[in-house]
Every structure is written in C-alpha cells, then in structure tokens.
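Undergrad: Note that the protein sequences, when read in sequence, are chains A and B. UniProt numbering numbers the first residue of the first sequence as 1 and each following residue consecutively. UniProt numbering numbers the first residue of the second sequence as 1 and each following residue consecutively.
None of these hints come from the bench; they were simulated from the model. By construction, the Cβ of each residue, glycine as well, lies at the ideal position given by its N, Cα and C atoms. Accuracy of the hints is not assured; some may be wrong.
[Said to hold, decoys possible] Heads up, simulated DSBU-like pairs for lysine-lysine below, C-alpha to C-alpha not over 30 Å straight-line:
#1 Lys84/A / Lys457/B
#2 Lys100/B / Lys113/B
#3 Lys243/A / Lys180/B
#4 Lys385/B / Lys83/B
#5 Lys291/A / Lys87/B
[What the hints assert, rightly or not] Here are the computed distance ranges between Cβ atoms for each label pair:
#6 Pro189/A / Ala48/B: 50 to 58 Å
#7 Pro161/A / Gly92/B: 38 to 46 Å
#8 Ile138/A / Asp266/B: 25 to 33 Å
#9 Ser105/B / Phe278/A: 55 to 63 Å
#10 Tyr444/B / Ile122/A: 48 to 56 Å
#11 Ala450/B / Leu292/A: 20 to 28 Å
#12 Ser152/A / Gly351/B: 41 to 49 Å
#13 Ile138/A / Asp244/B: 15 to 23 Å
#14 Gly92/B / Ala134/A: 49 to 57 Å
#15 Pro445/B / Pro161/A: 36 to 44 Å
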Amino acid sequence: MSARSKAPASARNGLTIAVFAAVVLSMPFWLPLIGGYEALATKIVIWAIFAVGFDILLGFTGYLSFGHAAFFGTSAYTTGLMLKHVSADVLPAMGASILVTVFLAFLLGVITLRRAGIYFAILTLAFAQMFHVAALSIFQGWTGGDNGLTMSTRPELLGIPMTGLNVFYFAAAIAIVGFYIALRIRNSPFGLMLRSIKSNAMRLEYTGVYVRAYKQIGFMISAVYAGVAGSLMVIYEPYVATKFLHWSTSGEIVIMSVIGGVGTLIGPMLGATFMLYFQNVVQAFIGEQWKLVLGIIFMLVVIFMPGGFMEGLRRLRGAVTPGGASGAGADSTASARQPAE
Amino acid sequence: MTDHTGNNGWSRRRLLKASAAGTAGLGALALNGKAPFHFVRNAWAEEAIGNFPVKGKSVVFGFNVPQTGAYADEGADELRAYKLAVKHLNEGGGMLETLKPSSLSGQGVLGKKVDYVEGDTQTDPDAARTSARRMVERDGVIMYGGGSSSAVAIAQQYLAQEMGIVFMCGLTHSNDTTGKDKRRYGFRHFFNAYMSGKALGPILANEYGKDRRAFHLTADYTWGHTQYQSIKDFTEQQGWSTVDNIMTPLGTTDYSQFLTAVLNSDADVLVLNHYGKDMNNSLTQAVQFGMRDMQKNGKDMQVVVPLYSRLMAQGAGASNIDGVYGTTNWNWVLQDAGSQAFVKSFEAEYGFPPSQAAQTCYAQTLLYANACEVAGTFYPPEVIKALEGFEFEGMGPGKALYRAEDHQCFKDILVVQGKGPDKKSGEYDLLDIVSHVKRDDIIYPVDTFAGELGPYKPA
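Just chain B, same shape as in the assembly:
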C-alpha cells in the first residue's frame, strides 16, 4: 500500500513533467498549422484549471483522512471505503450496480484507470491543507476528498477553491460547510446539524416531555457551535429550555469538571455535542457520574448525543449507549438495494460492516466519477455543473438531491437509539432505528444560511 503511493507518485511526477514538456512543444509546433490534437475531443474551450487536463493513462484521486487525532477511527474506516470505491470504479461492483441514473462503466473513469494517493489530516486544519497541497502539487490529483472534522473540511474547501481542484467532503456535519463557508469547489453528501435538530426535536419532546431543561457540552469548533445552535433552536421550539452550554476543547480526555457543572445545575437532560473519541470519553464519564440513573426535577435524567455513529457506539460500549437518542446519516442494517450492495462488498473485503463515515466517502467518490462521465470531461467547471442539481437514487434509502445553490445533498436520515447489551444481536448491531426521516421533512430553504459559493473558475 505504501509502496504503491510512493513509487507511483515519483515516477508519475516525472512522467507528468516529461509529457507536459512534450505537449507544450507539440502545441507550439501546431500553432501555425493544425489545431493542437488534445483540444479536439471536447468542443468548449477548456483552459488548464488545477490539474486539468489529465495526462497519462490514469487519473489520480486524493484521500485525505485523519489517521491520527480525535477522529482517527472514522478516518481509518473512510480510507477503507475509498479503496473499495476505487476498486469498484475500475472493476465494477458495489453501488455501481444500484446507482440510478448512472454513467459509470466499471472500467475506470473516462477511459482512464483510477489511481489514488492518501494523506493524514491529523484532525488538524493546517496539517490537512499541507497534506492536500502535496496531493495537488506533487501527486497531481484531479479531485480530493476526506474528513472528519468540519474545521478541517472547511479549511480544505477554501484551498480547493484556490487551486481549482474539486473537494468531495467526507464526514462533516457543521452547518457552515454548506452554509456560511460554502464554496463552489466543495460538495457535501453528509447531512448537517440543522437536519439533525429538525429530525430529533419532535422525537425528544414526544419521548421525554415538553418541559425539559437541557445542559449542553459542546466541542469548541464550527461543528459543535452550529450543532449546539440547531439543537437548542429545535428543542426550544418544542418547549424545552436551555440551562447552559460549556464549550470543551477538541480532544479533551477528562470531562469531570464540565460534568460537575451539569450536576450542580437544575438541568434534567445532558446534550453531548461531541463526536469520535470526545464522545466516547464524555459519555462514558457521564455514565460513571451516575447521570443515567439519576432523578432531577422529579424526572429521570437523560443523555442525548445528536450525532451518532456506529463506531462511536462501539467505542463507548453497549451498556453506556443503551437507550440514548441521536441521529445518523446512514446505518449498515438498512435494507435498500444500494446500502445492501455496499455493505456486502465492504464486508467481503474487510470482514465487518462499514460506518456512516465510510458510506458517505464511498458515495462521494462514485458521485464525482459519475459527474465526470456525465460531463464527458475532467474539466472542473463542467464536472461541478454536472453535480449541481443532480438527483439520484440507489446509494441509500430514497431519492437524493445535490442542491445546486449550496452544494448540500438532501436525502433521508435516521433517528436512532443505542441498543443495550441484552438487545443487540451481534458485535456491530448497536443502533436501533427509531424513525426514518424523509428528505422532504428535513429540507430547508437555501437562505437559511448566508454565504456565497464563489466563481466556477478559480481567480
């Protein structure tokens, strides 16, 4: 794997250089005579943007995932999904058979074999940008993708716009990614905090009553901030009140000081706006504090984790997540054809089911490749136009739409509840689907969030 990245990268670089020099020479020769050969295929004027035009027999995708840091577990699963996506693009299989409408052939993209390079974002925006630049400048990627952490995604999205390379976001749940910080070159398949709030609010009120008092602990960066805001808004619409919120630094391991503040307040619901290892730690410690067996204001104290994932549930342990509510983008137990095709091939490859992070990254890679086929070129503005407003099915339950105005994908999401040790039927069966929320129930007007996409061509 590592050999693959390195050796190919070097020789490819040299090859690219040589061929670049070659074509430049050819172009110069052809100037006074015939039109340059490489412009003939596509009619529109395509100047070089980013790493377009793609030279050679293969096209390179970049996969920039957290291999270290608080979201490393998600990153590892994302990388597995990316490798599977590349395999399917080159050899067929998986969701290639279920995606509709699809222009994918299963024999590479636009006649070129798909190759890839990988990088470590370290769950850090600066490291992620450096790593992404390596992919763009040295490895010549035509597109890159990855997550997690919305701060990382947003930082990379700005870079994508600068360099003219399409960025297919991995796991990023902040409203800002396709809100305030939306960019023409960034696309998000994953759902966001606003949708979580909208789906979760009524169910929480129904289950726990309308007179609850909530205390939030929130990861202190864009995702945490917007999720806190959305959950607060939607629960208050149901009649809840918000007692207080504490911002906790990303990567905190000891939450006891924050949990003490919760205990000392008159709140009867604890909302954990945490993800990855942060959530594992905060939830486990809240349970150790006895918060799930406690009475407050004459009611049972409850814990809510608005953004859930099977990986986190696994990390926190079945007894800790028993009955805890949250939302998720996708779960491997879904029975639609697309999900099943993906789960089967993933399990055959790795021996266990994929997480929601894996599903979104896999889908994004296929969606990008499909857009290239639809556009008939790798020329970024045309690929972007092919993705904008693209409506499809077969990548999960129901129909999905990539909205043109903010590059947010709208599709069905799930409200889930953790399964206790006595209810689960296997190691990976940790989430119980409480409600299957339809796309039309969580869609929102574009002007809900400010922000501009920016131009089709980088300045």
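Chain A on its own, in the form it takes in the complex:
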C-alpha cells in the first residue's frame, strides 16, 4: 500500500485537510439545515478530536482502550477547577489539563501496556472506573460529586469571551490541526511502527525494535487528544459532569470509532457526528424509544458493514465506478476489516 500511495501522499494530504477544514468550518451553516444547531456543531467538533486521537491508539496500534474517559474526565475537571479558582482564561487551564493528562497517560501506560488485547481493555477500564469512583467519593469536595462541578465563570481567550461561535471556531481550529497531525503520524516512520505493532508486535520485537517505547508514546499521544477534547468540553460549557469519567464515555468513543470505521481517521469522526446528531436531533423525532432504534442501527452496521460507514462509502464508490475504484476498494476494505476483530 505504501509503495502505491507514496508519490502523491503529501498532495493528497493537502487536499484531504483542505476538504476537511472546509466541511468543519462551514458546519454552523449546514448543520442547522438538517435540524442541528450551533452548540451541537461545537460538541461534534470536540468529540471528533477525541475520536481522531482514539483512532491513533485503536486504529493504528490495535490497542482497544476502555478507559479513555479517565483522560477526558480528568482533563475536564482540571480545566473546570482552573477556570473556577485560578483564571477565567482558557490558556492556562488548557495547559494545566494537558500536563495532567500527559502525566496520567505516562503512569497508566507504564502499568497497562504490559498486556495486550482483552487484558489491556480490562485494565484500562478498571483504572478509569477507579477515577470515576474517586471523583464521587474521596475527591467529592473538589469535584462536586454527582452534582458535577458547577460554576458561574465565563471562560475567555485573551479577553475574547468563549461563547457561541467563538468556542466553535476555537475548537474547529484545534480539530483541524489535530487531524493534520494525525495524518502526518500515519504517514511517518513512527506511524509505520505503530501499524507494525498492530500486525505483529512479537516479530517487531525480534527485529530489535523497542516496542514498549512506541506503544507508550502512541498511547500518550492518543491520551492528549482525549485530554484536549475534555478540556474543550468545559470551555464550551463551564460545567463538568461525572459522566465524563464514567465507563459509558469510554464506551461511546469505542462505538463511534467502530460504526465510523476503525483505522481510517475520518471514520471515527463520522461516527461521532452520527452519534451526536442521532442523540440530539433524531431523538426528538423518535421520542422515548430512541435508544432502541440506535441499538438496532449499531447491530446492523456491525453485522453488515464491519468496516463501518467508511466501508459503506467505499462500497458505494465501488458500485458507482466499477472499473476504477474496485481494486483499491477491495484492498482497503480488507485492511479496515481487520481491526474490527
């Protein structure tokens, strides 16, 4: 694959980024046309950042973390506490959140990355749940317990109030940069290492590569994305819910990645968009039974399109242009099916 796509890679990256930026930045204009609204656009962009970072770990390295809520939530609480007690400016808050996330990811990585597969998933889940319980019990004085962290602060960026579209464009800019970095990682030797870990870590180890270090760095990068998303969540809305630390948040990002298409970077973001759109817009049409309908959609996607929406798109493209895209389509479908396991 790399040989075939090497020559136009940078040009294609540029195009991808340009299209991505155009779609994201114009979101406040097209989302209301399909029943969305401004705040939803911001939330979608924030979750898209989370999803891209998650894909670096799950899609590239093949490690299924069920504990990314730990980074998302801890970072959100850090931002919340900074905004409430230190300064209403978002930059120190975000800086502190990223530092805390990096430190936490380093620690958790050292402990959990010793194991792979299901054991890794369970370990991360257990640690994340410990954080959730701790926030509800011993740290209740700081976190506000089940009430969440409420505050009357209005976050600002160097004097600009972070409300409405300001937050959106701030988050969108970060999402575009984040997506660009993820693309660069994918095409870099480091990204190649991550993908080698996924295909066969043991063989890589035998060739003399210090696999643990690569895994650790991949894990930490992914955690920082989650941390940035968690921090933005509080800037977008100065309130921290304990749900941010709950396993269901980790579960949600896994589901978004799977229905979008693991390992494709764009796929998980599509998944995030779909989930949030469904939860907030379609829900109002369906009424009480919306969770049931959502469950059925998941099942259908996983059974008939294990590669998620991205596989669906490729099949569609293959059907429309049978000559040109079918070869490439089949190729990437195979590579996308693998991570779904």
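Since the structure of chain A is already known, use the hints to place chain B on it.
TA: Positioned in the frame of chain A, the structure of chain B alone reads:
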C-alpha cells in the same frame, strides 16, 4: 406528536432567521428617522436577552423531562402535565379557572399561541444540558422546565442563568436547588428535604417513640445528601440517634449488600432516601429481607421513605408500602377547587389521576405564563420580578408564596402513609393523608442556606 416537534422546529427556525434579518434591516432603516416599531409597546428599555424578543405568532416553551433512566416514570407523567398545561393556556380550562390572582386569558400568552418542544434529560445532568441547549438555540424557547433529579435541575439552572432563559424546575427536592445553588433564572414550586424533615420528624417520634435508632440508605447525589442531612437533624431533635448512613449510586438495582449492613447493625428504623425506581427496588428488597416483620431492640422494625409519590407506591406495590410513612407535595385525592379542577381535566385527557410530579410541572407552566401576563412582556428580568414574591391560591390547598429571596415556593404539604391492599379503594388510591402540614409550620428563614441568586441580566 413527534411530527409536531420536528417539522415545526425546522420551519420555525427558518422563519425566525428570516424575520430576524428582516427586523434588523427595518431597525437600521428606522435609525435616522422614526423609532423602531417593535420598541413602542413597552416603555422600559428591553435589550435582547436569551430568546427575547419573541417573534412570530407563537411562543415556544421547552419541556425537558427524563424519558429514560431511573426517573423515567416521573418524566412521562410530567410530560403529560405539560401538554395539558399548554392546552389549557391556549383553550382555557383546568386551574386557569381556580388560580387567584390570575391574568391568564385562556387564549395563549400575551396574544401569542403557546407551542412547545420536548427533550430527554436521560436523568443525566450532561445530557439534560445538551438537550436544553438544543431547545434554546434551535427551537428558540423563551422558557424551559422539567425534572426530575436535583442534580439535573441544578445543572440546568446554571445553564438558564448563562443563557438568560427562565427555568421553571419540575420535580426537584434537594435543599441545594433553592439553597446553595439557587439562581436568579430558576424557580421551584416543589417542596424540599428541609420541609419534609420538619413535617415528618414530630410525627415519626409520636408514632414510633423518641428512642429510635435510624439507619439511612441514601442516593448519592445532591438530593440524597441534603435529605439525609435534614431527616437526620429533625429526627435527632426528637431524640432519635443515627446509627449509620450508606451512600448508594443512583440507578442501583441490587441493594442486598447495603441491606445486609442494616441487618447487622443495631438500628430499628430504616430510612430510605431513595426516589423513583431506586426506591421501588430498595423498598421491595427490604421487605424481602423481612425487615417489616422483624424485632430489633425489643421494638418492631420500621421503614420510612421521606419523599413519597403515588407513582413510586404503585411501583413498589400496595403490600410493600402498607403503613410506611413519608411526605408528598400534593396528592390527587385533595378536595380543594384547584386540585379538583386539575385532576378532572387530567383524568378526562389520560384516564388516570396525575402524580405530584405532574402537578408541580403543570403549576409551574401556568405560573410562568401568568407572570408574563402580569409583566406585560416576555422580557426575562420583568417576568422574574413578577414571579418574585407572588402570592397565589387555587393551585392546591391553601395559599402559596414564591419567596423573592430564594425563589422557593412555600405552601401546604402532606405527611402520608402507604395504604395496604385491604384498605385501598382503587388502583390509584395508595396514599393515606396522615397530616396536612400548614405553610407556616414548614417555612424557614432565608439564611438557613447559603448561596446567591445572581444578577437579573446574564453577564
């Protein structure tokens, strides 16, 4: 119903946009000449706050209730009440005929037809805020309301203050809602844990003796915490002692480990600070553990559920709630004119009587609409001022007062006892009113709880 929400929402949005652009243009044209037309009606300077000024022929209310989660039963009943309130505001009927003083016409509010949108809080503060923002930003609601769960109410109350949209709380019983976390844009008609404790304490001591030892199981969030505190304080004033308290997560289904701890202690009263499905589960399991037929310290073991509702009694079953004490905001068997008018129209619409959650949500919607009529505008600071200190009757027994300093409504509440299967006279006749506690007996000074209401205009 669903069509209603969706289609109207979209076209209204477009309409709003178009008309917003239109008025802006008009305003610009008029700048050098006459005063803009839309400022003439009300004399005071009214800048845009939240979704004010209201454009178009209808005004939209948002109803954000738990359709899923531990309090879903309450949420479903709240929504029924909201729909009925909208119907009455537009067509007359119900408590519109009993509320005094009333400025409501039964032909919409301030000449505009009342429309509504609904949302699901999922009994979760984060989901509730997201849903509320959808209502505010997309659907253009001028006010929103709903419950249950105090954590959800408080989270939405902060959002209300931020966005400049009045929030009329539904079922929320925590002291914090109008205490520590009170907000200028939030109003609560429902009673709170402090009042429950004050009403219930003397009756429990009278019934079960003054030397009881209580064990609490408490839902682990703001409501549970404050209710535990209030019940503990008021029963200890009567001479009871508190053995222990265990915080249980919201939405727990298996209480056996907590109940075992109760059995192993020397407590002779179990206090369940639980609500909704949590209470159904914990009470049913306590009964299965034999706690209601047990002797401890030479006395009959007793179970108390400080916050009671008819829906919960129904869920737990008549044989389980037989004789169990608790308090409630309102019950459908009340004979005053307001309650009767509401119960009759609710039964005619849905075929069964309303719950206390339904009554509070219905009353809140009418009270908001009435305040708009009194103020003569939807301008939030004026509506808030009209609600603050508003004294009224005809929405339940006795006179009620919306206290200006903390936005808590004070009115009569009920101490009730569960009716056993042999005593009840129908499917919905589950609570026996033991005492009708007067407003003056449960009122408390404003400084009982700390907290600041905040400004009339969002920052």
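Undergrad: Please write out, lowest number first, the hints stated earlier that are contradicted by the structure.
TA: 9, 11
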